[in-house]
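Undergrad: Sequence:
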Amino acid sequence: MQRKKLKNPILVGISYNPEIGGPATDSIINIMFNLGASVVYLDYRIIVPLTVNVERVYESKEQMMEVYKEAKIRAKFFLTDIDCLILPGNAAVVDPRLFNEKPQGDDRIDLPRAIAEMALAHIALQQGMPILAVCGGHQIINVYLGGKTAPLSDDESEQQGYLEYAKIIFNPVSELSDIIFDQHNKNIPITKKFFGAHAHVVKQIGGQKLINDCDDYLIVAAVANDKNYNIEAVEAKYGVPVFSLQFHCEVGAKGLFSVLTSKIEYQAASLKDRLTNKKIFDYFIAAAETYYNKKLMTHEIANIIPKKKEHDTIQHETPPKKLKKTLLLTTQSSIFRETSTTNKNEKIQNKSYKKIK
1 MQRKKLKNPI
11 LVGISYNPEI
21 GGPATDSIIN
31 IMFNLGASVV
41 YLDYRIIVPL
51 TVNVERVYES
61 KEQMMEVYKE
71 AKIRAKFFLT
81 DIDCLILPGN
91 AAVVDPRLFN
101 EKPQGDDRID
111 LPRAIAEMAL
121 AHIALQQGMP
131 ILAVCGGHQI
141 INVYLGGKTA
151 PLSDDESEQQ
161 GYLEYAKIIF
171 NPVSELSDII
181 FDQHNKNIPI
191 TKKFFGAHAH
201 VVKQIGGQKL
211 INDCDDYLIV
221 AAVANDKNYN
231 IEAVEAKYGV
241 PVFSLQFHCE
251 VGAKGLFSVL
261 TSKIEYQAAS
271 LKDRLTNKKI
281 FDYFIAAAET
291 YYNKKLMTHE
301 IANIIPKKKE
311 HDTIQHETPP
321 KKLKKTLLLT
331 TQSSIFRETS
341 TTNKNEKIQN
351 KSYKKIK
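Take 1 as the starting number for the sequence shown in the working numbering and just add one per residue.
No lab work stands behind these hints, which were simulated from the structure alone.
Misleading hints may appear alongside valid ones.
Unchecked claim - Below, in silico cross-link-like pairs of lysine to any residue (SDA-like), each with a Cα-Cα straight-line distance of 20 Å or less:
no., residue 1, residue 2
1, LYS278, PHE257
2, LYS279, GLN208
3, LYS237, PRO172
4, LYS148, LYS192
5, LYS295, LYS279
6, LYS192, THR276
7, LYS278, PRO96
8, LYS279, HIS299
9, LYS209, LYS279
10, LYS279, LYS263
To be verified - Derived CB-CB ranges, DEER-like:
no., residue 1, residue 2, range
11, TYR229, ALA302, 43 to 53 Å
12, SER60, LYS294, 12 to 22 Å
13, GLY105, LEU50, 49 to 59 Å
14, PRO18, HIS299, 29 to 39 Å
15, ASN100, TYR229, 20 to 30 Å
We treat Cβ as the ideally placed atom computed from N, Cα and C, and that holds for glycine.
Just need the whole structure built from these sequences, with the hints factored in.
TA: Following this line, the structure appears as structure tokens:
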């Protein structure tokens with residue numbers, strides 16, 4: 001379907017497999033529909049099929065790069081024309097081997113999906129695309145950027161609860177605080193309850209020393225109100241909005257649909273709280289619109305400026321300095337950067353535009 005035929009030109013790409021589904025993801029899709037956006041399923045089972053032997057990524061760097069290259073090629077195809085990326089929650093645990101730790105015996109791991117979503121995050125960040133990551137997606141993007149996850153302790157789980165609204169402390173100078181709270185004192189942290197449903201958390205934030213090898217890319221925007229102040233949200237310090245949330249703002253705004261009872265469950269009790277959760281999505285769609293308009297402007301400028309002839313040269317008054325290239329080979333993002341997305345003669349199943357009521 002051509003974009004011009006869509007009622008709303010904004011295309012929201014969400015990591016989603018229709019056969020697996022997920023109630024929290026369905027809530028996000030419904031919110032996007034209510035905001036007038038068109039939703040595109042970015043099927044992680046097509047980006048990295050289950051037929052791929054992903055375990056070989058741990059055999060050697062070369063094997064890892066080969067698998068990641070295939071994932072990047074497909075992720076780049078799926079993100080064509082997309083205006084924002086959403087990485088939703090899931091029931092799997094991020095494979096600890098991705099950050100050089102051993103899995104727990106009872107961990108449910110979905111490595112193909114993790115690689116697919118890291119590839120989506122990589123391409124989206126390269127293109128300057130707004131990103132919203134929730135719960136499992138929050139953990140994926142942090143691991144991609146060099147972070148680490150860990151299971152909650154029994155005490156932490158008891159303090160936070162599961163499938164419950166728990167207190168979260170927000171960094172008052174974060175962009176997320178400005179979005180959620182209309183007026184607040186920039187010197188005093190703000191506490192508010194949000195819905196949580198997780199057994200693992202980000203223990204080490206990703207993106208450290210990523211900017212020019214000296215500045216962090218992400219900052220902590222919120223922490224849990226437990227004894228260890230576990231990370232509940234991070235955001236990008238620079239560039240387009242990138243919000244990574246452990247809590248489920250989609251549940252607070254829309255709730256979860258229970259197949260068992262055919263009812264909407266866990267939605268925030270008051271209209272005010274539901275609207276507070278929805279503010280994150282309102283802001284995110286506005287960021288997607290800005291990104292879309294920037295692409296239109298760039299395309300128009302490219303058509304106006306004549307192309308440089310092959311024999312044209314650019315004169316420098318002084319020779320350009322040789323830049324030092326530093327790759328942190330311990331992070332997943334560095335491996336993705338080393339791989340290319342050379343066109344392949346392979347037919348990839350077309351993505352479809354969905355409007356979900």
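Undergrad: For every hint, state whether the structure bears it out.
TA: Hints and how they fare:
1. LYS278 with PHE257: With Cα atoms ~17 Å apart, LYS278 and PHE257 stay inside 20 Å; holds.
2. LYS279 with GLN208: With a Cα-Cα distance of about 28 Å, the restraint between LYS279 and GLN208 is violated, given a limit of 20 Å.
3. LYS237 with PRO172: holds (14 Å)
4. LYS148 with LYS192: Given that 20 Å is the threshold and the Cα spacing comes to 26 Å, the pair is violated.
5. LYS295 with LYS279: Cα-Cα ~25 Å, so violated.
6. LYS192 with THR276: holds (10 Å)
7. LYS278 with PRO96: violated (32 Å)
8. LYS279 with HIS299: Measuring from Cα to Cα gives roughly 30 Å; hence the hint is violated.
9. LYS209 with LYS279: violated (30 Å)
10. LYS279 with LYS263: The hint is violated at about 24 Å.
11. TYR229 with ALA302: 43 to 53 Å: For ALA302 against TYR229, whose Cβ atoms are near 47 Å apart, the range 43 to 53 Å holds.
12. SER60 with LYS294: 12 to 22 Å: Violated, since SER60 and LYS294 (Cβ atoms, about 40 Å apart) do not stay within the stated range.
13. GLY105 with LEU50: 49 to 59 Å: violated (22 Å)
14. PRO18 with HIS299: 29 to 39 Å: Because 32 Å falls inside the window, the suggested range holds.
15. ASN100 with TYR229: 20 to 30 Å: holds (24 Å)
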